[in-house]
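Undergrad: Top line first, the protein sequences correspond to chains A and B. Take 1 as the starting number for the first sequence in this note's numbering and just add one per residue. Take 1 as the starting number for the second sequence in this note's numbering and just add one per residue.
It is possible that some hints are incorrect.
As the list claims (entries may be wrong) - Simulated coverage check for chain A against chain B, where a stretch passes if three residues somewhere in it have a Cβ under 8 Å from a Cβ of chain B:
1. 123–130
2. 147–155
3. 251–263
4. 271–282
5. 424–432
6. 453–460
7. 612–623
Unchecked claim - Below, a list of computed lysine to aspartate or glutamate pairs in the EDC-like style, where the Cα atoms sit at most 16 Å apart:
8. A:K186 <-> A:D166
9. B:K215 <-> B:E181
10. A:K620 <-> B:D444
11. A:K186 <-> A:E199
12. B:K183 <-> B:E376
13. A:K383 <-> A:D432
14. B:K429 <-> B:E417
15. A:K414 <-> B:D212
16. A:K186 <-> A:D242
17. B:K386 <-> B:E448
18. B:K178 <-> B:E376
19. A:K620 <-> B:D449
20. B:K429 <-> B:E382
21. B:K270 <-> A:D382
22. A:K620 <-> B:E495
23. B:K183 <-> B:E217
24. A:K275 <-> A:E265
25. A:K620 <-> B:E376
26. A:K620 <-> B:E452
27. B:K315 <-> B:D281
28. B:K270 <-> A:D493
29. A:K341 <-> A:D382
30. A:K414 <-> B:D281
31. A:K275 <-> A:D242
32. A:K383 <-> A:D429
33. A:K351 <-> A:D328
34. B:K156 <-> B:E495
35. B:K270 <-> A:D416
36. A:K414 <-> A:E365
37. B:K215 <-> B:E374
38. A:K351 <-> B:E290
39. B:K315 <-> A:D416
40. B:K137 <-> B:E516
None of these hints come from the bench; they were simulated from the model. Quick caveat, the model's predicted, so the values are computed rather than measured. No residue lacks a Cβ here, since even glycine has one placed at the ideal position from N, Cα and C.
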Amino acid sequence: MGRRTGVGLCAAPSTTRRATGRTLRVRRRAIIAGAAALAVGLTAITWVALRGPVVARVLLDCVPGHAHPFAVEYVSRGELLDGTLGVGSGGQPAAQMVDITVRGRATETCVENAPDAQVFALELAELGGEVIVAPGIRQPASELLVGTSFVELARDGAVRSIRFADGMSPVAQNIVRDLMSHRSMKLAPGAVSQWRAQEVSLDGSYTAEYRVQRASETGARLHKRRIAPGAMTGRAQVRYVDGSAATIAIEHAWLDQLDSTTEVEVLSGKTVVSKSRTHVVLRGGPVEPRNPAPLRALLATMRTSRATPGDLAASDVDRRLDDKIQRDELGDDTWDTLWTKVRAADPDEPKLFLKMRAVFRIHPERCKDAAAALAGISSFQDKSFMILASALAATGTPEAQAALRDAISGSAGKHDNQDVLVAELGNLDRPDRATESVARELAAHSTNDETRSVAELALGNIAHALTDSEPDRADALVSAALQRAQTATTLDDRIVSLHTLGNTGSARSLEVLRTAASDPDARIRQAAAAALRSLDGPDVEPLLLSLAVHDPEPAVRAEAASSLRQRRVAPTTFEALAQLVRRDPSEAVRQTLIGVIAGGAELFPEAVDVLDWVAQHDPKADVRRNAQLALVQLRNANG
Amino acid sequence: MKIIACTLLAAAMLAVVASPADADRCSDLKVHPKVPLTFVAFSRMNPQTGAPYGPNDTMTVSGTAMPALQALDELDALERQLTALGYTLRDTDEKTLAELGKCPELLASQVAIVDQILHDPASPLSPGSIADKVRLKLELAETLIPNWDALYAQIKDPDRDVYLPPVPTFTAPTPRPKRTELKPLQKERSWAWEMGEKNSLWVQLLASFRIDGSKTEVKSAAKGQINGSVLGLWEGEILGADANASAGGSTTVAAMSLNVRAIGKTVFSKSWSQKVIRDGDDKRYDVHPEWSYRFSIGPIPCKGTVGFVGSVGVKYSYELVPIALNAFAVPYAATKLFAQVGADIGVARAGIGGEVTLINDFVTLQGSFAVSFEDEPTLVLELTGKNSVECLSGRLYAYAEIDYGLGTWSGDFTIFEWTGYKKDSDLFKFRTTWGPNGVTAEGDLTAEDVMEVTADNEERRLVDLENASQLRAFEVFDAVARDLNGEAAALVSSERDRHTVIAQSIDDAIAQFRAEMTRVTGGG
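Excised from the complex, chain A in its bound form:
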């Protein structure tokens, strides 16, 4: 800052150009003044340069029985700007608006100080302001933010968990959670001037940059800036608007002052779906002594209760939200009313699918009814069969999986029905061991060839589903699939085993698939090209590229190109495909390559030129048209 001021003073004298004597006198004065300012500025710069950045070792350390009072001000305004969540063309009325103002007193009383964490009790009092969660619906803040909550801090100052006050409403819990999210910090372990840390809030993870602004023997003042949200599965795209920053003052190893602002936009594609701005101010007062015993007793009671502690990411809300969504979805319907609707002439499939899933989640005992119903349906083409089977697989609970297994055994005489249900086992998110056993049994011993194949393919999908949650089970399934691939002799068995390996997505499949990719039989090579789409790793892409460019069989080249479409290709691969799309003799291959080229446009701007060339010069009108459509899509995406 001092440096900028100095530069600004240096620039000031050059503005006057008149050559009169008065002017000269004025200019002389100006020169003198400028020189003086320059001297002051240079001195300041030198002082700053010699002094260097402010370094401090900052820590939080609470003393049990010490109560830290704060004047608190919390203002949060959130609005759903696009009620269509980015799907519609805009102009829809906002569905939800939240406007919350809380002013009053907050007290943080240290309750525990353990080597790895410290816990303080949070109490809000003398509150003013109101909470508006829908037009015309207001509630005083003092009625919501009641009771004593307990906040556990890690040694670096990050909020680990929050035990909300008994009886605190979800809205109040979320206000407290947000308040604590602004209060949370991640301090560096040593003496530093600036650092970066990964933190988490209601909007997901983000990177924060800290800088020490001032340091003294008793404390320090920090500047915190939220730089960018981190990638987080299951989260909408979040953008921090400039100004999402905080000033944090720490005195005597505890928070003293906080002035924090966040301005967050939630995006769906390029559309801003919602926007929230929150401003939190905490101004600390002198520490007061307080008997921590009653608070400890309360904390102990809370710890023994079954209430799940909350966290800043609101993981605890997921179950509540899911449960709420399912109950809202089910409404007044029951299994009986839904079964009647499912059997109607033209059932509303997506609605009944969601309602059936809600029944199975809320009333797991109804899964048995679904199993019996499935076994009684004569054809898998009956819409009711699809609704029930899909709802059970999407529910995925142990009861739902048991129902699927029962339905499979109950459909023993109807192979087509059985195959559809067996394939559903491969759609489960968390297939249990009993489900895996059924699939294994059918793959090994079913009297029907197609059922055996479908079960084997489902086992590949089960292995993929278990990769992260139960790697040992997944690994065993991959080993079995590899063994089958190596011992398969008939063409049918060989192709099925290759697709199964592809379904596993395991890198261990690569060598078998690499060998298959050079098999003299084009059908084996095509199966290998298809299976490679699910594999990660640096060796997969060159293998697919080689098949796409060099294989003599058009069907194999098209399959390899289709698999490459699922990946973010490397620059050399993109260049090779850009050449291939201009010269491959098969139009099916060129059609598929257009998708790959268009998919890479985000990373490779030259994709537009390639597509433009194809749109103008390809000998086949259908291919030219496809390239034109891809170009339109790209131009739309780029606004």
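Given the structure of chain A, go ahead and fit chain B onto it with the hints provided.
TA: Structure of chain B alone, referenced to chain A:
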């Protein structure tokens, strides 16, 4: 080993010469025996191992492997014969065992015989005898060789026999009409279509059908793919289906494979390999992918879930017999969008209503290829593609109800509403016939098809022109041949031959006469 090779060579010579002890005639061989030597057998130890040769050991002699003990036995037998003549194989210097006999006395007797013949007046080689022979020949020449006048008179004699070569028969070269080659047929049709925006809802359809056929084999590849994108949360393959079939070629077995992928996972795969394939079915699988995401409004966590539910699959019917294919494949998807939303506000109730068809699509791919052999092979290839699509139609709305004690606030808003796109269309319809009567192509022809047919017609026109030229040439040559084979042409030919023969005979006679004269007179 060299010693053994030389030894066996010497043995062969000895076998020829060693029987007589001396020569009687000039043509006989003379043997030079010496004082016999003591026979010493060759060692049976292997010099390479130092151990005795076993019955299974071999040694290579002059490039031929043979049992070592047998080779040494034969060597000993030879050594025994040589030592009896005073020689040994162990002596590596060159020796003369035998040579042809020399006969000077015989040559001297031959000289005497020649002298006797030359000095005997009665001998046929005496000068008198030779002079008599010359005289006799001169007299014969004077009596037998006619003078020129006599000879001319003789030539003019019409009754004189003349040996003439036969009059040749002329034939025109037989024309060989050319035919255009029946080339392999290779036809491919593809189709791509898309609608929507990837940031909201988007669907894309890709279909292709290819048939490669020839007189001896046929291959087909049908492929259908439906891709989609939902709210930018997901983009991927909803359905992937392919069916490949082949018949004929190097194997007499027809083969086919069918694969179905749903949301990127292979759910069905089957392959057939048999002489004749006739199969059809409907393979349909359920899909219900969904994507949940969290966001917040102020401090209120909200959760949205978007997905689609429905079925994808393929209906198929294939008939494959040697060099004939009838294929019917219908990849299809019938999926509807769903969404759920919830906010962590205890007093509020929210949900999603309505129905949006993401995509209902049936791509019918039909193709056939057949070879018929009546007089000439004829290839018939047919490709037909149809599509029935309905997508992005319907209304999806969100509703919220908030109970605030004194009453209920409720509202709803439309998430998505569109009449959608619905169309039944012909993607392609193509038929081509390649036969002896030419090429025909009908339906949706590409520039390539038209060029192909035009080129083939041009080729046929050239071949027809060439055949017509050949026929015309044949007619001309045939007429010429018939003229040449007529009486007048034969008379001309025979007279020409006769004159030629006579002239040649006279020339020959004169040449013979002069040669004889020269010989008799000794060139004087």
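Undergrad: Looking at the structure, which of the earlier hints fail to hold?
TA: Numbers 1, 2, 3, 8, 13, 14, 15, 16, 17, 21, 22, 25, 32, 36 - these are the hints that the structure violates, sorted from lowest upward.
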